[in-house]
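2 protein chains.
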Amino acid sequence: MSVDELIAQRDRARQDYEALVAKGLKLDLTRGKPSPRQLDLADGMLAAVDRAVSADGVDLRNYGGLEGLPELRAIFTEALQVPVGQLLAAGNSSLELMHDAIVFALLGVLPGAERRWADEPEITFLCPVPGYDRHFAICERYGIKMVAVPMTPDGPDMDVVEQLVAADPQVKGIWCVPKYSNPDGTVYSDDTVRRLAAMETAAPDFRIFWDNAYAVHHLTDQPAEIADVLALCAEHGHADRAFVFGSSSKITYAGCGVAFFGSSPANIEWWVSHTSKRSIGPDKINQLRHVRFLGDADGLRQHMRNLADLIRPKFDAVDKILTAELGGTGLATWTAPAGGYFITLEVPEGCAREVVAKAKAAGIALTPAGASHPYGDDPADRTIRLAPTYPDLAEVEAAITGVATVVRLVAAEKALSTT
Amino acid sequence: MSVDELIAQRDRARQDYEALVAKGLKLDLTRGKPSPRQLDLADGMLAAVDRAVSADGVDLRNYGGLEGLPELRAIFTEALQVPVGQLLAAGNSSLELMHDAIVFALLGVLPGAERRWADEPEITFLCPVPGYDRHFAICERYGIKMVAVPMTPDGPDMDVVEQLVAADPQVKGIWCVPKYSNPDGTVYSDDTVRRLAAMETAAPDFRIFWDNAYAVHHLTDQPAEIADVLALCAEHGHADRAFVFGSSSKITYAGCGVAFFGSSPANIEWWVSHTSKRSIGPDKINQLRHVRFLGDADGLRQHMRNLADLIRPKFDAVDKILTAELGGTGLATWTAPAGGYFITLEVPEGCAREVVAKAKAAGIALTPAGASHPYGDDPADRTIRLAPTYPDLAEVEAAITGVATVVRLVAAEKALSTT
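Just so you know, the sequences run in chain order P and U. Heads up: the first sequence begins at 0 in numbering that gives the first Met the number 0, then just goes up one per residue. Heads up: the second sequence begins at 0 in numbering that gives the first Met the number 0, then just goes up one per residue.
By construction, these hints were calculated from the structure, which means they are not laboratory data. Don't be surprised by glycine CBs; every beta carbon is placed ideally from N, CA and C. Incorrect hints may have been included.
[Claimed, not checked] Partial selection, computed: residues in chain P whose CB lies under 8 Å from chain U:
| # | residue |
| --- | --- |
| 1 | Ala46 |
| 2 | Leu94 |
| 3 | Ile137 |
Excised from the complex, chain P in its bound form (with noise of 0.2 Å):
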């Protein structure tokens, strides 16, 4: 393209934007969060339960069930791949299990380990890029260093992930949203899974923090299977090295579910030797409203079904208007993924902060650029994540088109500004 070509298409680009900023929108694509009208879908949960008592007659109103409701556990067991034994239910948010999961082992000798993390002299954990900022940002809290490693259409590049656990034994964790990835929609190939659970690593107390957030998400009518990661870390002989975590969150209510934690016995007697000293038992008449609200395996099955038909319109529309206004010309890629929350943009290298703020200035909020890395920096500076799921549809079509606009612009002018 000849530089007068490039002025033009830059001219063209500035028009739309000022009358799109002209529009004065005032729209949202930052946070995961779930729309009025899914949350509306569980509103049967507030009057679910009308006498506290558990199947096995349990007065669910008082103290106790540190390992919640088995009713509760029974109906996400396959879901989450963890066996009920194994499996924990507690309180409203699965990133507070995380978050307490690392301060335990600071704080306490993990199966296998050889002394506290806050005793060794440096903690590392690889976090596959582009990922989730709140599981960077327990990490920055806590002092832990953050390695970015590369996503592949597979999951995390393992030829580079084996070398920097087999290398360094202060390399003791690694992020994984193992199905319709954070943000990126990626799903774990069996083989990706098969070795994270086969591979040596240095640290004898490596942990896989295995936030399976989009179980049940599906957003097409061939549900994701991944493989399990604790029979084949226990097969592999490492059975004590997957966390697993999921939650009710983006199901039934965002603010009110139930979250879970599913590990070895090992690590579930580890947990508990914490936890017990912390809580009474989680709410477990909340937990009697799951398991009256979604009934069985099916029933969630089911209710996954309906909010994906509210859900699918919205990422349909992101994925055909980004085709309509971006698509051939080479200045951006997007994914198109077949469930969870997220869509990732991808624009031109040194162009995502000025995206998102140029769509800022425009009245359309976008997640800051840099959060799927840690640290905030994305060294190439091209990755935005895309939340249309609480925005109407008409508010996700204007604010896609506007984005897509701003990275008309954006480029353009990065274009010309490197000739």
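Please arrange chain U on chain P, whose structure you already have, making use of the hints.
This is chain U only, laid out in the frame that chain P set:
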């Protein structure tokens, strides 16, 4: 008393004890649990929310609202003596908040601290005895050294406390249950609270863990009032000294209540620097249930009066039976608290463990002897905690009558063994 008289007394007690064992009782006075009838009084909670929207129009089903519902904090601000803006409402357990306060202090630098507690050579907490075993269990789990401080009728012996905190910069905290203390029912005098707030501590990051668990749990028509610890700390130039904890576990539902954390603005900011990495917000719908059910501070007071009507007869029965069975014998003393959940029974030195063991053999479960002391070690082996709220009145009467029999037997055997 002559040896013959002692033998006769022991033989009578033995007969009574054998008759007790023959009854095959199965009674439990171990934990401070609300009775089913108490919980029934809160059953209005279950259907209290049919539309989950806050006073200011926020959809409470979704993520967010880390500080908790303002309208709930407003109900508890007076009872907990914490300004609404410095009072956070969280999940279902204040024990969790106390645990997390210690964890956050171990892993993050407290306002006024020179370093993280995890980086200190040693951390010591003062433990007024008798005290609460779950406080001690948290310290023990994290290797925090505990030093017992005797209780007086006005609270901890402040001469001892002042000396210990002034002498050693590793003394970083003290556990306090300032109103109707667990287990002896003591109400801290204004002078005790003032001295706690005013005293000079060698540690710049000393904290009072102010577990105001029984703030509104009165059993008489003269509610105990304690001094305002946050205000006194600020007044004496130690604004960041106190962490205030409270909960509705013994107000509404024990397992599904709401817990509170209150402190200085600097401490709240520090707290949120941790919790904002951990949490996506508390269960706000359960908080709204509390708002709808309790209404306001007057509603809370009325509800507590209704609960007291169920609890008071049990405390009265304990006092009446112990007076009838042991009064004037010199074999025991016991508290007659004006609120809270516990009665402390003091038996002759060296007898508490044996009383608990023999009670157990007769089907009466008591809190383990020593539980009210750090490391489960009551050096005098004298203190037994009685928790009369959970069993029904007839069971309490049967259990306490049995306990009195056991005390007579163990004391007689002890007296004989030392003649």
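Exercise. So which hints don't hold here, by number, going up?
Worked result: Hints that this structure does not satisfy do not exist here, as all of them hold.
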